[in-house]
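Each chain, written out:
Number of protein chains: 2
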Amino acid sequence: MRIPLAAILALTFVATALCQRQPAPFYEDTNNIPVSPEVHADRRVTFRLYAPKASEVLLMGSPGILEAIKKPMPLERGDKGVWSLTVGPLDPGFYTYGYAIDGGLRMPDPSNPNLEQRRWGPTSLFVVPGESKAVFEERQVPHGTVHVSFYDSPNLKTQRSFYVYTPPGYEAGKRKYPVLYLLHGNGQIEASWTWTGRANVILDNLIADGKVKPMIVVMPYGHVGREIKTPASAPANPGADMASIEKELLTGVKPLVESKYRVLTDRNHRAIGGLSMGAAQSLQIGLHNLDQFAYIAAFSGGGNRAEWEKADASMLNRKLKVLWLGCGTEDFAYPGVKSMHDLLTSKDVKHVWNESGAGHSWPNWQVYLSKYAPLLFRD
Amino acid sequence: MRIPLAAILALTFVATALCQRQPAPFYEDTNNIPVSPEVHADRRVTFRLYAPKASEVLLMGSPGILEAIKKPMPLERGDKGVWSLTVGPLDPGFYTYGYAIDGGLRMPDPSNPNLEQRRWGPTSLFVVPGESKAVFEERQVPHGTVHVSFYDSPNLKTQRSFYVYTPPGYEAGKRKYPVLYLLHGNGQIEASWTWTGRANVILDNLIADGKVKPMIVVMPYGHVGREIKTPASAPANPGADMASIEKELLTGVKPLVESKYRVLTDRNHRAIGGLSMGAAQSLQIGLHNLDQFAYIAAFSGGGNRAEWEKADASMLNRKLKVLWLGCGTEDFAYPGVKSMHDLLTSKDVKHVWNESGAGHSWPNWQVYLSKYAPLLFRD
Numbered sequence: 005m006r007i008p009l010a011a012i013l014a015l016t017f018v019a020t021a022l023c024q025r026q027p028a029p030f031y032e033d034t035n036n037i038p039v040s041p042e043v044h045a046d047r048r049v050t051f052r053l054y055a056p057k058a059s060e061v062l063l064m065g066s067p068g069i070l071e072a073i074k075k076p077m078p079l080e081r082g083d084k085g086v087w088s089l090t091v092g093p094l095d096p097g098f099y100t101y102g103y104a105i106d107g108g109l110r111m112p113d114p115s116n117p118n119l120e121q122r123r124w125g126p127t128s129l130f131v132v133p134g135e136s137k138a139v140f141e142e143r144q145v146p147h148g149t150v151h152v153s154f155y156d157s158p159n160l161k162t163q164r165s166f167y168v169y170t171p172p173g174y175e176a177g178k179r180k181y182p183v184l185y186l187l188h189g190n191g192q193i194e195a196s197w198t199w200t201g202r203a204n205v206i207l208d209n210l211i212a213d214g215k216v217k218p219m220i221v222v223m224p225y226g227h228v229g230r231e232i233k234t235p236a237s238a239p240a241n242p243g244a245d246m247a248s249i250e251k252e253l254l255t256g257v258k259p260l261v262e263s264k265y266r267v268l269t270d271r272n273h274r275a276i277g278g279l280s281m282g283a284a285q286s287l288q289i290g291l292h293n294l295d296q297f298a299y300i301a302a303f304s305g306g307g308n309r310a311e312w313e314k315a316d317a318s319m320l321n322r323k324l325k326v327l328w329l330g331c332g333t334e335d336f337a338y339p340g341v342k343s344m345h346d347l348l349t350s351k352d353v354k355h356v357w358n359e360s361g362a363g364h365s366w367p368n369w370q371v372y373l374s375k376y377a378p379l380l381f382r383d
Numbered sequence: 005m006r007i008p009l010a011a012i013l014a015l016t017f018v019a020t021a022l023c024q025r026q027p028a029p030f031y032e033d034t035n036n037i038p039v040s041p042e043v044h045a046d047r048r049v050t051f052r053l054y055a056p057k058a059s060e061v062l063l064m065g066s067p068g069i070l071e072a073i074k075k076p077m078p079l080e081r082g083d084k085g086v087w088s089l090t091v092g093p094l095d096p097g098f099y100t101y102g103y104a105i106d107g108g109l110r111m112p113d114p115s116n117p118n119l120e121q122r123r124w125g126p127t128s129l130f131v132v133p134g135e136s137k138a139v140f141e142e143r144q145v146p147h148g149t150v151h152v153s154f155y156d157s158p159n160l161k162t163q164r165s166f167y168v169y170t171p172p173g174y175e176a177g178k179r180k181y182p183v184l185y186l187l188h189g190n191g192q193i194e195a196s197w198t199w200t201g202r203a204n205v206i207l208d209n210l211i212a213d214g215k216v217k218p219m220i221v222v223m224p225y226g227h228v229g230r231e232i233k234t235p236a237s238a239p240a241n242p243g244a245d246m247a248s249i250e251k252e253l254l255t256g257v258k259p260l261v262e263s264k265y266r267v268l269t270d271r272n273h274r275a276i277g278g279l280s281m282g283a284a285q286s287l288q289i290g291l292h293n294l295d296q297f298a299y300i301a302a303f304s305g306g307g308n309r310a311e312w313e314k315a316d317a318s319m320l321n322r323k324l325k326v327l328w329l330g331c332g333t334e335d336f337a338y339p340g341v342k343s344m345h346d347l348l349t350s351k352d353v354k355h356v357w358n359e360s361g362a363g364h365s366w367p368n369w370q371v372y373l374s375k376y377a378p379l380l381f382r383d
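Going line by line, the protein sequences match chains H and G. Residue numbering for the first sequence follows the numbering used here, starting at 5 and increasing by one per position. Residue numbering for the second sequence follows the numbering used here, starting at 5 and increasing by one per position.
Calculated from the structure, these hints are not laboratory results. Here the structure is a predicted model, which is why all the values come from computation and not from measurement. Heads up, some of the hints might be wrong.
Where chains are identical, the list cannot tell them apart; a pair therefore holds if satisfied intra-copy or between any two copies.
What the hints assert, rightly or not - In silico lysine-lysine, DSS-like type, Cα no more than 25 Å apart, as pairs:
1) Lys75 to Lys57
2) Lys217 to Lys137
3) Lys217 to Lys178
4) Lys354 to Lys325
5) Lys161 to Lys137
6) Lys57 to Lys215
7) Lys375 to Lys215
8) Lys314 to Lys354
9) Lys314 to Lys351
10) Lys137 to Lys178
11) Lys342 to Lys161
12) Lys375 to Lys314
13) Lys264 to Lys180
14) Lys84 to Lys57
15) Lys178 to Lys264
16) Lys217 to Lys264
Put together the whole structure using the sequences plus the hints.
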């Protein structure tokens, strides 16, 4: 049988079109994917969700958006099962959010490709641009590269990975760079500082403006496990986990970084810092290893105060070039971080105390990074 | 006022514990995050979702899991609003899935950190291990690195990125490598071949086994836009998008790859291949640029048949070292790809025809990559 060319062409066109247009069957009707969020020119934002049989859809914010909307807000049911809500105008900035359905089910926005991936419970992201670019907004400047390095941990008997930011021009050059170990918070993952926090964009911008020394940033994974193995996601023994993470950073991650990337290996060119759980880790790992780190930062998290009580103030002042603490006044962690600041003050330990507004959220951590990084590796 | 040390310690302990344990408020009750999926030793898999007020929760599979369960399957409502379902035993392999709530709302599994990120509509992933490791399963072999390279596209007037796999030892060496441009499907993103398809794991394993020549793999973004701008997510003019993507690959991505990474730049060391929409792109870009590509592969997608009708068979046979077509017999794209195979056969154009079972899904694409890569750069 000979098939007419026209028929072949028609069939091919349809098949090609299908290949180009066919989504996975899971979301097979693209009409079920409304535009969301839609950031309007006047900085109002419209959220939409297709949920034809839901009885309630609430917009839930992480602290960033909660400060704008103050409390969960109901979407209104519209035609064809699409719920919607317009909020704002919002301040220019960086927001995370999700939906709560019928008082229980939580989910990210299926329309939005910008996801905060987490150990569990992904949420969604969007940016409201302002008149001038925020430090986390992409600009046409030279861009660094984000690397994902995989390794088999002899300590933890599993494959793990860490993210690495190398500054613009790294690939073409030969020089060595100072290194910042930047740690994430509970529930977050090694990708969080780049894919959510945009640390790479912040560094690109600050390097382009001459405000920070070009540096390599290493972002390891800060939990012992990955998947949820028990109904309660918190570790049975956070202290043991902390010790494991300290050992992993020093004996698993650091030697690999120093063999694979062109980094300076003296303490004056090595810094550590982190947010929330990563702040506690940074304070502990830094204090235990002052021969290895000349810079320590804690964003929105306190440390083991008993250890810092015991530490010799003059030794800390001699060893640490920068000790940096920051917290928002609305943050649940504020009392702990403030008490660490008070302790350091009472001991006459030199440190930077950065009290800001707002709470336990990425907008604070992005600003803290943009304040800490310029202080690093200045001499 | 002097605060007793014991009180400070207690407060600090609580604050530290909070920082370590406090999830984002969006998912603040960790009891709402049951273990899911739980892959049992006998290869049965239990799915769980907290949805206290839902009236129906269905397990939806992409083709991989649909072949195992045949159709969407209801979860059963249990105590405290947690729905659950146990399926299987499933064949060892790689599965994607999600939930459909009350007949409309689609969502990934909030308990599962392994997400397939897409342009819209994230889904969830899991692996059922077999007695021997599948090609996409991590082994303790030397690992390559995944890079994310950001650039400002002069063609498309926006920042874009491409992923790059470099083989084990790349950082410490000086040699140049051949390069495979590996393209994703519709709805997918530049991260899909690594984070979903595990191309980096596949390459690590095949390189360790001596089955493929160490190579660099470049995974660009195959859509013109990112967010959904209109209710219909498909481009208004797929043909114009295809031309834009061809131009972007050749004038945006390729020069950057060749300046930033140590790649060989002659046609005999440059290959292209892709899945679904990326198959159509590979066939078109390859055919239009035979002076630049000596290898072309189409996984589960056909090309512009009219162009291949016109092409000179002896020229194709002289220029192309490998032309590789693969499709599953249950794939909606099968008629189109099979018709391309028949056309090439009728024209006596040398090519590999790899007909497999199953459909339009990652398990096929992972196997196709593991069959195509060993044929590359052999002379």
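Using 25 Å as the alpha-carbon threshold, which applies to Lys161 and Lys137: within, between, both, or neither? The answer is between: 17 Å across copies meets 25 Å, while 44 Å in one copy does not.
Homo-oligomer pair classification [Lys57, Lys84; C-alpha up to 25 Å]: both (10 Å within a copy, 21 Å between copies)
Quick one: Lys342 to Lys161, C-alpha cut-off 25 Å, is that within a copy, between copies, both, or neither? neither (38 Å within a copy, 46 Å between copies)
What label fits Lys375 with Lys314 when the C-alpha limit is 25 Å: within, between, both, or neither? For Lys375 and Lys314, neither the intra-copy (28 Å) nor the inter-copy (61 Å) Cα distance is at most 25 Å.
Since the copies are identical, ignore which copy is meant and state whether Lys314 and Lys354 lie within 25 Å (CA to CA) inside a copy, between copies, both or neither. So Lys314 and Lys354 pass the 25 Å test inside one copy only (16 Å; across, 76 Å).
Up to 25 Å CA-CA - Lys180 versus Lys264, copy category: Intra 12 Å, inter 17 Å, cutoff 25 Å: intra and inter.
Given a CA cutoff of 25 Å, do Lys178 and Lys264 count as a within-copy pair, a between-copy pair, both, or neither? both (13 Å within a copy, 13 Å between copies)
When no copy is specified for Lys137 and Lys178, does a C-alpha distance of 25 Å or less occur within a copy, between copies, both, or neither? Result: close neither inside a copy nor across copies, 32 Å intra and 39 Å inter.
Between Lys354 and Lys325, at a C-alpha cutoff of 25 Å, which is it: within one copy, between copies, both, or neither? within (9 Å within a copy, 67 Å between copies)
Intra- versus inter-copy proximity for Lys137 and Lys217 (alpha-carbon distance at most 25 Å): within (21 Å within a copy, 45 Å between copies)
25 Å Cα cut-off: does Lys217 pair with Lys178 within a copy, between copies, both or neither? within (16 Å within a copy, 27 Å between copies)
Same-copy or cross-copy closeness of Lys375 to Lys215 [CA-CA at most 25 Å]: within (10 Å within a copy, 49 Å between copies)
Of the hints listed earlier, those the structure fails to meet are numbers 6, 10, 11 and 12, in rising order.
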